[in-house]
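Visitor: What follows is the residue order along each chain.
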Amino acid sequence: MEAPTPTVQLLGVTKRIGGKTLIDRLSFEIRKGEIFGFLGPNGAGKTTTIRMMVGLMSLTEGDVLIEGKSISKDYERAIRHVGAIVENPEFYRYLSGYRNLVHYARMVPGVNRKRILEVVRLVGLENRIHDKVKRYSLGMRQRLGVAQALLHKPALLILDEPTNGLDPAGIRELRDYLRRLTREGNISVLVSSHQLAEMELMCDRIGILQNGRLVDVRSMQELIRDGEASRYVFEVNDPAKAKEALACAREAEIVPEGVEVLAEREEAAEIAAALVRAGIRLYGIRPVTKSLEDKFLEMTGGDRIA
Amino acid sequence: MLKLIRNENMKIYRRPRTWILLLLLIGIAAFGAYQIHRFQPVDADWKKTLTEQNANYEQSLKDHPSPQLRDYLEEQLKLNQYRLEHDLAPARGTVWGTVLNLKDLIILVTILTVIVAADAVAGEFSQGTAKLLLIRPHSRGKVLLAKYISALQFSLLLLLVLFASSYGFGGLLNGFDGAALPHLYLAADGTVHERSVLVHIFTVYGLSCVSLLMTVTLAFMISTVFRSSSLAIGLSMAVLLLSDTAVNLLKGYWWIKYYLFANTDLSVYLDGTPLRSDMTLTFSILVLAGYFVAMNVLSWTVFTKRDIAV
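Keeping their order, the protein sequence lines are chains D and P.
Okay, so the first sequence: first residue is 1 according to the working numbering, each after it adds one.
Okay, so the second sequence: first residue is 1001 according to the working numbering, each after it adds one.
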């Protein structure tokens, strides 16, 4: 069976300004119904890439295909599948939230008043939608940003740092909401962030960007599996004695909770038995997982601004 | 396209600033009408005044005036004589006199339109809204055109408001009669002609629109190229207000005839003297068209090609 066409394809996307290469031959794709995380330290080129994907910036080389349409050659037909927030969502502050949505609704075919109100309810702004945007908090502007991006039921939703300014409850809501969207409809989502923990919970796959180059594209499961432990911590009443008991078999290290031992999953049980046999009280066994953050720092070599 | 223009209009008229500007225009028109009413009342004995004026003019003509002054005096003499012969009172102190006097406020219309036009493009950048505006299925050229059209619509509205308020206030203060009085002008053959005063006012307004259109286009271009509304307002106002002086100072140089604001006053070709003898109506229209096309092409090119990074 042939794989369905991806929603977005980046083909060797390159941006050079004045001899400086900001984005270097970026190629990846986002599949239908997928939440793709775009991860990278500040200045890696996430926003520049997004600006090129939505036609705000020209491409020096390469192309972006959205639903098979080229953003540089067939802009109007490519962009109609896209809803986006680029950096902070800025609105006409002297207009109400509702008027702002009307403004964007007029620019796409087939969005009526009912649809506007539906989207407003979806993002939970129905009580404040007729207030002027200048009275909105950053979190409310983020919600309005999501609303304007969803008005025309796009195939691709691009959210640049969407959790900026959202409180933990809002972040959770957004996460659940994106999950629901991708499950229900044929929508694909690109989320950029430098917040690793968020990506871990939200995304199906992530692409890691550094200095304008794509370092790696991994599925979330792969990343989690890779980070899986080959070290275990055994919580015991007497770490020194435990270390001694294991000394002949393997390297053990005293840590505050007990001893940390290098071992495979199967061996962990044997070690536990050995400890018990040596008369040591064993309270718990815990694998030491490398967090996504460690993984990320390992890949990008620290969070230096490029 | 219509929806894009509606959007631009919404951004203009749902903003308190716009209504303040409109009220300002009406207020100044009211003040002007009152001042005209106070200092130029109806002259009941206008025949005597005109006769005295003519005597003065004739006296001045004997003193070997400059050619320009001589032309002016002879013109006034002929017009006054025509009035006396045909019993036609001057427009002074009537509603039409007020409307004609207040036509000078068209420069205020220009200034107010420039404020709105300058903000139309630069404002999207300073507010950061450009990026959400330009990721819709409309080419940037269309978005720009919608902004330009809405700015011109705004100037038409202001002209209408100016005309209505000067007619309204002029009528309230002086009475609404006097519409029958024709406007007199000296044709090229040196004879006096009559023309409906309404036609005359429309001609005056229409000719003023040339300068208005050019100034607004200039402001629009600066706003697009430099993305700064204050620069666009300041620069186009300076050019507009200083041009008269500069042009008069520099009219000895041949190249001044290619300067935009040396050509915007087309009324000199109808009743008056052109700035330089080598300038004709056709020449001025060609220069104006050249500037118009060049400024709009520049705005369009910059706006459609630029990387948006706000």
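Please keep in mind that the hints were generated in silico from the structure rather than gathered at the bench.
Model, not experiment: these values are computed from the prediction.
Just to be clear, a hint being listed does not mean it is correct.
Okay, derived cross-link-like pairs now, DSS-like style, lysine-lysine, Cα gap no bigger than 27 angstroms in a straight line [claimed, not checked]:
id	chain 1	residue 1	chain 2	residue 2
1	P	LYS1305	D	LYS73
2	D	LYS73	P	LYS1142
3	D	LYS20	P	LYS1305
4	D	LYS132	D	LYS69
5	D	LYS114	D	LYS73
6	P	LYS1003	D	LYS73
7	D	LYS73	D	LYS153
8	D	LYS69	P	LYS1003
9	P	LYS1103	P	LYS1078
10	D	LYS153	P	LYS1003
11	D	LYS114	P	LYS1003
12	P	LYS1078	P	LYS1048
13	P	LYS1305	P	LYS1003
14	P	LYS1305	D	LYS69
15	P	LYS1003	D	LYS132
16	D	LYS134	P	LYS1003
17	D	LYS69	P	LYS1048
18	P	LYS1103	D	LYS153
Some chain D residues flagged as far from chain P (calculated, every beta-carbon gap over 12 angstroms) [claimed, not checked]:
id	residue
19	ARG113
20	GLU235
21	PRO239
We put the CB at the ideal spot given by N, CA and C, even for glycine.
Visitor: All the hints need checking, so say for each whether the structure fits it.
Guide: Each hint, compared with the structure:
1. LYS1305(P) x LYS73(D): With a Cα-Cα distance of about 14 angstroms, the restraint between LYS1305(P) and LYS73(D) holds, given a limit of 27 angstroms.
2. LYS73(D) x LYS1142(P): OK: LYS73(D) and LYS1142(P) at ~17 angstroms, within 27 angstroms.
3. LYS20(D) x LYS1305(P): holds, 20 angstroms
4. LYS132(D) x LYS69(D): Status violated; Cα separation ~37 angstroms.
5. LYS114(D) x LYS73(D): violated, 33 angstroms
6. LYS1003(P) x LYS73(D): holds, 24 angstroms
7. LYS73(D) x LYS153(D): holds, 23 angstroms
8. LYS69(D) x LYS1003(P): Holds: LYS69(D) and LYS1003(P) sit about 25 angstroms apart, inside 27 angstroms.
9. LYS1103(P) x LYS1078(P): holds, 24 angstroms
10. LYS153(D) x LYS1003(P): Given that 27 angstroms is the threshold and the Cα spacing comes to 20 angstroms, the pair holds.
11. LYS114(D) x LYS1003(P): holds, 18 angstroms
12. LYS1078(P) x LYS1048(P): Since the Cα atoms of LYS1078(P) and LYS1048(P) sit roughly 16 angstroms apart, the hinted pair holds (cutoff 27 angstroms).
13. LYS1305(P) x LYS1003(P): It holds: about 23 angstroms lies between the C-alpha atoms, which stays within 27 angstroms.
14. LYS1305(P) x LYS69(D): holds, 20 angstroms
15. LYS1003(P) x LYS132(D): holds, 22 angstroms
16. LYS134(D) x LYS1003(P): holds, 25 angstroms
17. LYS69(D) x LYS1048(P): Violated. LYS69(D) to LYS1048(P) sits at ~82 angstroms, over the 27 angstroms cutoff.
18. LYS1103(P) x LYS153(D): Violated: LYS1103(P) and LYS153(D) sit about 52 angstroms apart, past 27 angstroms.
19. ARG113: The claim stands: ARG113(D) keeps its Cβ more than 12 angstroms from every Cβ of chain P (closest is about 14 angstroms).
20. GLU235: Nearest chain P Cβ is 53 angstroms from GLU235(D), so the label holds.
21. PRO239: holds, 57 angstroms
When each numbered hint is compared with the structure, violations occur for hints 4, 5, 17, 18.
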